[in-house]
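> So the chains spell out like this:
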Amino acid sequence: MHIPDGFLSTPVWAGLAAVSAPSIGVFARRAQAGLQESRVPLMGVMGAFVFAAQMVNFPVGAGASGHLVGSTLLAAALGPAAATVVMTAILAIQALVFQDGGLLALGANVFNMAIAGVLAGYWPYRLLAGTRARRIGIFAGGFLSVLVSACLCLGQLALSGVKMRAEVLGLAMLVFVITAVLEGAITVAVLSALERINPQWLRVETRKNRPVLTALAITALLLAVAGFMLASALPDGLERVAGLTGLEGKEFHVLQSPLPDYEALTLENPWLRKAGAGLVGLSLTFAVCLVLGRWFVRWRSA
Amino acid sequence: MAQRIAGSHFVFDEWSRGSSALHRLSPRTKLVLFLSLLVITAVWPQSWLLFGLAFALVLAARLPLFGVAARAALVLPFTLVFAAATWLSGDAHRALALLWKSYLSALWVALLMATTPLEHVLEAAAGFGAPRLLIDVMSFTWRYLGVISEQAWRMRTAALARGGERSFEISASTLAVLFASSYARAERIHRAMASRGQKI
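Line order of the protein sequences matches chains A and B. Per our numbering, the very first residue in the first sequence carries number 1; after that it's consecutive. Per our numbering, the very first residue in the second sequence carries number 303; after that it's consecutive.
Read the hints as simulated data drawn from the structure, not as lab findings. One or more hints might be untrue.
What the hints assert, rightly or not - No farther apart than 25 angstroms at their CA atoms in a straight line, the calculated lysine to any residue pairs in the SDA-like style are these: (1) Lys501/B - Gln32/A; (2) Lys332/B - Gly369/B; (3) Lys332/B - Phe312/B; (4) Lys332/B - Leu91/A; (5) Lys332/B - Leu420/B; (6) Lys332/B - Asp315/B; (7) Lys332/B - Val313/B; (8) Lys332/B - Thr10/A; (9) Lys501/B - Ala33/A; (10) Lys501/B - Arg487/B; (11) Lys332/B - Ala18/A; (12) Lys332/B - Ala14/A; (13) Lys332/B - Gln94/A; (14) Lys501/B - Val26/A; (15) Lys501/B - Arg434/B; (16) Lys332/B - Ser322/B; (17) Lys332/B - Gly25/A; (18) Lys501/B - Trp201/A; (19) Lys501/B - Gly25/A; (20) Lys501/B - Gly34/A; (21) Lys501/B - Gly79/A; (22) Lys501/B - Ala428/B; (23) Lys332/B - Pro366/B; (24) Lys501/B - Arg30/A; (25) Lys332/B - Ala427/B; (26) Lys332/B - Phe98/A; (27) Lys332/B - Leu351/B; (28) Lys332/B - Asp100/A; (29) Lys332/B - Ala17/A; (30) Lys332/B - Pro22/A; (31) Lys332/B - Ala21/A; (32) Lys501/B - Ile491/B; (33) Lys332/B - Ala363/B; (34) Lys501/B - Arg29/A; (35) Lys332/B - Glu421/B; (36) Lys501/B - Phe430/B; (37) Lys332/B - Ser349/B.
Bound-form chain A, shown alone:
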């Protein structure tokens, strides 16, 4: 799911880089604020651990096996802000040293996996942490973290004009859902094993949750996932929605841009304007969420 360079169109990677860079700044500040002294080496070593954990196979039968992705595990062990920073560090090293994901596409990959993936993995875990259903929460965390990242990745590729047939897309979705279920199961197994050794490792928030807000956040996440799945499964539906919302008239050909190489250079290209409009919308939504979130944190701590 690491998008290499050359896949995303310029407005998509540039827009997502513009969204990710300041967010990582905010997360780094938050992580630093809530950091105990010994946390920096711990975060670094945990990054190496997540890398190394990929070597341990989890058999699923029929000779196939999966491995841990780790967003939920990191979020449970370090808290969401620190986990986001560690995931970003991992993605950056993968892009630089392992040629796994592009450097320009790093903004997109960070957005998909380090920001959205970690938050999608953290909230179900946190919501159900104190209750009897906490295993379900952990499973949902692992499941959602992978699925949200995958849906965002496919969505960005589609927005960039990488054409895929419905069957191919369906197959990809199937693979992603299986990977997501596997990640959920692996996360549950590993966290249970960790708790048997030392329950203190997993941060259980002592503060009272706000059930309404968390429920809302999860609903929003689920809706986003469902929306992406629907949008990618039914391009016609997307077209209809685009028509209804009056987004640039009747033709919404995000999925079929004819000359990929010249798009970025010609500003009068209608496709570019649409993609740009989409990205501006995305960035605005994100900014609003960020501002609301900060306001909410301040209000709660006051």
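Fit chain B to the known structure of chain A by using the hints.
Just chain B, lined up with the frame of chain A:
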């Protein structure tokens, strides 16, 4: 896919200690240069000119041409899957563009890393305003990657010798033990640094 993180992954470290003009260029300049080349690759129509420039730079830096080309080829498996999917959807032009651009971009990144040690790249990124915490975490991750990976590999070999990775439980407890020892290692690192007067 159990992939061992070992010697071949650290080949950049070896290459980046060279002494060509490209090696001696300041890391900040190189970061800007290669980022610009990446952007040019992204927006420019495909041309052999850029490939020629990339290979000329490899030769000018006295790097093994085949080695660097093979290194950049690590990006191809992912790209090939998507190129095939695009090709099947009847967009051969786009499929070719995907292969071309992703390989050329990987070549630029490989060139940057083969001429600049990672710690210098990180310092340059910090100079351009990347958060200090992120840079520190990356340095630690990179420093301990080999150590912890080697441990994971030993544990995996031991598990295979005892009868294989047979069940979820065995793999899960393997990871839990690895987590425990990584955690303890982090504490030792912190103590060692603190006892030498470092504030971290």
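> Each of the hints needs a verdict: does it hold here or not?
Tested hints:
1. In summary, the hint linking lysine 501/B to glutamine 32/A is supported, as the alpha carbons are separated by about 14 angstroms, within the 25 angstroms threshold.
2. Note on lysine 332/B and glycine 369/B: the hinted pairing holds, with a Cα-Cα distance of about 20 angstroms set against a maximum of 25 angstroms.
3. With a C-alpha separation of about 20 angstroms, the suggested pairing of lysine 332/B with phenylalanine 312/B holds against the 25 angstroms cut-off.
4. Taking the CA atoms of lysine 332/B and leucine 91/A, the gap is about 21 angstroms. The hint holds against a cut of 25 angstroms.
5. Using a Cα cut-off of 25 angstroms, the hinted pair lysine 332/B and leucine 420/B holds, with the two alpha carbons roughly 12 angstroms apart.
6. Restraint check for lysine 332/B and aspartate 315/B: satisfied, since their Cα atoms lie roughly 16 angstroms apart, inside the 25 angstroms limit.
7. Distance restraint check for lysine 332/B and valine 313/B: the Cα-Cα separation of roughly 19 angstroms lies within the 25 angstroms cut-off, and the hinted pair is therefore satisfied.
8. Restraint check: the Cα-Cα separation between lysine 332/B and threonine 10/A comes to about 22 angstroms, which is no more than 25 angstroms; the hinted pair holds.
9. Simply put, lysine 501/B and alanine 33/A have alpha-carbon atoms about 15 angstroms apart, close enough for the 25 angstroms limit, and the pair holds.
10. At roughly 18 angstroms between alpha-carbon atoms, lysine 501/B and arginine 487/B fall within 25 angstroms of each other, so this suggested pair holds.
11. With a CA separation close to 22 angstroms, the supplied pair lysine 332/B and alanine 18/A stays within the 25 angstroms bound.
12. Under the criterion of a C-alpha separation no larger than 25 angstroms, the hint pairing lysine 332/B with alanine 14/A is consistent with the structure, at around 20 angstroms.
13. Under the criterion of a C-alpha separation no larger than 25 angstroms, the hint pairing lysine 332/B with glutamine 94/A is consistent with the structure, at around 19 angstroms.
14. Annotation: proposed proximity of lysine 501/B to valine 26/A holds, straight-line Cα distance about 22 angstroms (limit 25 angstroms).
15. Distance hint between lysine 501/B and arginine 434/B is fulfilled; the C-alpha atoms sit about 14 angstroms from each other, no more than 25 angstroms.
16. About 13 angstroms separates the Cα atoms of lysine 332/B and serine 322/B, which keeps this hinted pair within 25 angstroms; it holds.
17. Between lysine 332/B and glycine 25/A the CA atoms are separated by roughly 24 angstroms; this keeps the pair inside 25 angstroms, and the hint holds.
18. Simply put, lysine 501/B and tryptophan 201/A have alpha-carbon atoms about 23 angstroms apart, close enough for the 25 angstroms limit, and the pair holds.
19. For the proposed pair lysine 501/B and glycine 25/A, the alpha carbon gap of about 21 angstroms is at most 25 angstroms, so the pair holds.
20. At most 25 angstroms may separate the alpha-carbon atoms for a hinted pair to count; lysine 501/B and glycine 34/A meet this at roughly 16 angstroms.
21. Straight-line distance between C-alpha atoms of lysine 501/B and glycine 79/A comes to about 22 angstroms, which keeps the hinted pair within the 25 angstroms bound.
22. Under the criterion of a C-alpha separation no larger than 25 angstroms, the hint pairing lysine 501/B with alanine 428/B is consistent with the structure, at around 19 angstroms.
23. For the hint pairing lysine 332/B with proline 366/B, the CA-to-CA distance comes to about 19 angstroms; that is within 25 angstroms, so the pair holds.
24. Proposed proximity of lysine 501/B and arginine 30/A is supported: the alpha carbons are some 19 angstroms apart, at most 25 angstroms.
25. For a cut-off of 25 angstroms, the pair hint linking lysine 332/B to alanine 427/B stands: about 11 angstroms separates their Cα positions.
26. As the CA atoms of lysine 332/B and phenylalanine 98/A are separated by approximately 19 angstroms, the hinted pair is consistent with the 25 angstroms bound.
27. A distance of roughly 20 angstroms separates the Cα atoms of lysine 332/B and leucine 351/B; the hinted pair therefore holds under the 25 angstroms criterion.
28. Between the alpha carbons of lysine 332/B and aspartate 100/A the distance comes to roughly 21 angstroms, so the proposed pair stays at or under 25 angstroms and holds.
29. In summary, the hint linking lysine 332/B to alanine 17/A is supported, as the alpha carbons are separated by about 20 angstroms, within the 25 angstroms threshold.
30. The straight-line distance between the Cα atoms of lysine 332/B and proline 22/A is roughly 23 angstroms, inside the 25 angstroms bound, and the hint therefore holds.
31. Between lysine 332/B and alanine 21/A the alpha-carbon distance is near 20 angstroms, which keeps this suggested pair within the 25 angstroms criterion.
32. Proposed proximity of lysine 501/B and isoleucine 491/B is supported: the alpha carbons are some 12 angstroms apart, at most 25 angstroms.
33. Proximity of lysine 332/B to alanine 363/B is assessed by CA-CA distance (about 13 angstroms); at most 25 angstroms being required, the pair is judged to hold.
34. A distance of roughly 18 angstroms separates the Cα atoms of lysine 501/B and arginine 29/A; the hinted pair therefore holds under the 25 angstroms criterion.
35. Using a Cα cut-off of 25 angstroms, the hinted pair lysine 332/B and glutamate 421/B holds, with the two alpha carbons roughly 14 angstroms apart.
36. As the CA atoms of lysine 501/B and phenylalanine 430/B are separated by approximately 23 angstroms, the hinted pair is consistent with the 25 angstroms bound.
37. Using a Cα cut-off of 25 angstroms, the hinted pair lysine 332/B and serine 349/B holds, with the two alpha carbons roughly 22 angstroms apart.
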